[in-house]
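J.: Kindly generate the complete structure, drawing on both the sequences and the hints.
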Amino acid sequence: MPHINYRDKQLSFKIVYYGPGLSGKTTNLMYIHQALEKDRRGDIVVLDTAEERTLFFDFFPLELGRIEGYSVHFNMYTVPGQVYYEASRRLILEGADGVVFVADSHEGRMADNVESFCMLQTNLTSFGLDWQRFPLVLQYNKRDLVEVLPLGTLERELGLNGIPVLEAVATAGTGVMETIRTVSRHVIQKFQL
Amino acid sequence: MGYPMEQRDCDFSRILQQMIDKTNALTALLVTKEGISVAEAGDTSYLNTTAMSALVAGMFSATREVARMVGETQFSILLQQGENRHIHIGLIADSKMLVIIFEDFSRIGLVRYEARRICPQLEEAFRREASSDSREAKIGTPLFKEYALNLIDRIFETK
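Residue numbers (our numbering), protein chains in the order written: chain W, 1 to 193; chain B, 194 to 352.
Derived from the structure by calculation, the hints contain no laboratory data. Idealized CB from N, CA, C, for every residue including glycine. There could be a bad hint or two in this list.
As the list claims (entries may be wrong) - Covered by chain W, according to a simulated footprint, are these stretches of chain B (three or more residues, beta-carbon under 8 Å): (1) 222 to 230; (2) 241 to 251; (3) 335 to 348.
Claimed, not checked - Cross-link-like lysine-lysine pairs, in silico, DSSO-like; alpha carbons within 27 Å at most: (4) B:Lys215 <-> B:Lys289; (5) W:Lys190 <-> B:Lys226; (6) B:Lys338 <-> W:Lys190; (7) W:Lys190 <-> B:Lys215; (8) W:Lys9 <-> B:Lys289; (9) B:Lys289 <-> W:Lys190; (10) W:Lys190 <-> W:Lys9; (11) W:Lys9 <-> B:Lys226.
T.: Listed below in structure tokens is the structure:
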């Protein structure tokens with residue numbers, strides 16, 4: 001449920017990039033931020049460690065525009081991917097209106113992808129959400145690697161049906177805008193008061 | 194009848210401004226636990242209130258987890274002391290945060306007292322707003338969605 005400020009006529013949606021450590025969540029967010037027109041985006045906040053791993057979250061606000069008198073905003077977040085930051089992830093995921101699961105396409109990361117997705121399912125369920133009806137997009141990132149997981153591998157392993165799936169090379173920007181467009185459309189289509 | 198819009202505007206800003214006048218604080222923000230600023234008073238020209246609100250909400254959530262680890266449900270107040278500026282954050286009605294930025298640390302007692310004193314007023318203002326909001330819900334219509342989807346396609350177009 002987005003935040004609605006009737007007083008100031010503002011509507012704010014929250015989109016969270018979720019996935020295992022080093023799968024490219026921050027790279028996705030950085031690419032989107034630099035690709036947007038300057039007057040649409042706020043400053044990006046990046047809280048990372050010396051090893052370039054997200055410590056708490058990355059964030060930037062995006063102004064979609066004014067619709068029927070309401071100023072519509074998308075607030076974009078990433079979560080830290082490492083398993084030991086589970087508490088931070090839960091906190092950031094709370095109140096999300098849509099999630100992009102950024103999977104690492106490297107064959108050796110299959111178990112990490114599955115573990116991370118299972119945590120996502122558990123968290124969404126604990127917030128009282130039906131994750132199968134929740135606006136969720138699966139992005140297979142790092143498709144430029146030599147040996148990649150075939151498309152459909154994660155869906156089969158996790159029993160996912162009908163989830164939008166996109167391929168990406170976030171470092172080159174490939175598939176990044178398609179992913180954010182897909183999840184944003186999904187969020188708006190599900191939106192109701 | 195819904196509670197008049199002008200009066201609600203006045204409620205939040207009047208309460209925050211009165212607190213600023215009494216404590217000589219620099220800035221006051223009301224932030225939701227989702228990290229969105231819903232009301233501001235005082236000088237905000239030096240501050241990115243959007244980023245600040247997101248960070249404050251994250252900070253408060255993290256503190257809640259810390260509280261649980263030591264057997265508390267919540268720490269209701271957070272205080273950050275700097276060289277020149279200090280931040281007092283208090284929880285309101287379990288879902289909003291009152292952020293007060295002030296410069297003279299010797300006024301911490303007064304800031305804390307005023308933050309606690311205006312809590313019931315802010316809670317009452319939020320209650321009135323919530324009851325009025327339900328009467329004003331007019332968005333989420335097919336037309337709204339159509340416009341939003343068009344904007345999304347345009348803004349996130351592939352270069």
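J.: Sort out whether Lys190 (chain W) lies within 27 Å of Lys289 (chain B), counting only the CA atoms.
T.: holds, 26 Å
J.: Does the region 335 to 348 of chain B contain three or more residues whose Cβ lies closer than 8 Å to a Cβ of chain W?
T.: Since three or more residues must qualify, the claim that chain W covers the region 335 to 348 of chain B holds, with 10 doing so at under 8 Å.
J.: Quick one, are Lys215 (chain B) and Lys289 (chain B) close enough, alpha carbons at most 27 Å?
T.: holds, 22 Å
J.: So if I understand the rule, the pair passes when the alpha-carbon distance is 27 Å or less; does Lys9 (chain W) with Lys226 (chain B) pass?
T.: holds, 19 Å
J.: For a C-alpha distance cap of 27 Å, please report whether Lys9 (chain W) and Lys289 (chain B) respect it.
T.: holds, 19 Å
J.: Is the Cα-Cα distance between Lys190 (chain W) and Lys9 (chain W) 27 Å or less?
T.: Answer holds: Lys190 (chain W) to Lys9 (chain W) is near 20 Å, not above 27 Å.
J.: Checking C-beta pairs, does the region 222 to 230 of chain B have three or more residues closer than 8 Å to chain W?
T.: holds (count 5)
J.: Do at least three Cβ atoms from the region 241 to 251 of chain B come closer than 8 Å to Cβ atoms of chain W?
T.: Contact hint for the region 241 to 251 of chain B vs chain W: holds, 6 residues under 8 Å.
J.: Within a Cα-Cα threshold of 27 Å, do Lys338 (chain B) and Lys190 (chain W) meet the stated pairing?
T.: With Cα atoms ~10 Å apart, Lys338 (chain B) and Lys190 (chain W) stay inside 27 Å; holds.
J.: Check whether the Cα positions of Lys190 (chain W) and Lys215 (chain B) lie no farther apart than 27 Å.
T.: With a Cα-Cα distance of about 46 Å, the restraint between Lys190 (chain W) and Lys215 (chain B) is violated, given a limit of 27 Å.
J.: Between the alpha carbons of Lys190 (chain W) and Lys226 (chain B), is the straight-line distance 27 Å or under?
T.: Judged against 27 Å, a Cα distance of about 22 Å means the pair holds.
When each numbered hint is compared with the structure, a violation occurs for hint 7 only.
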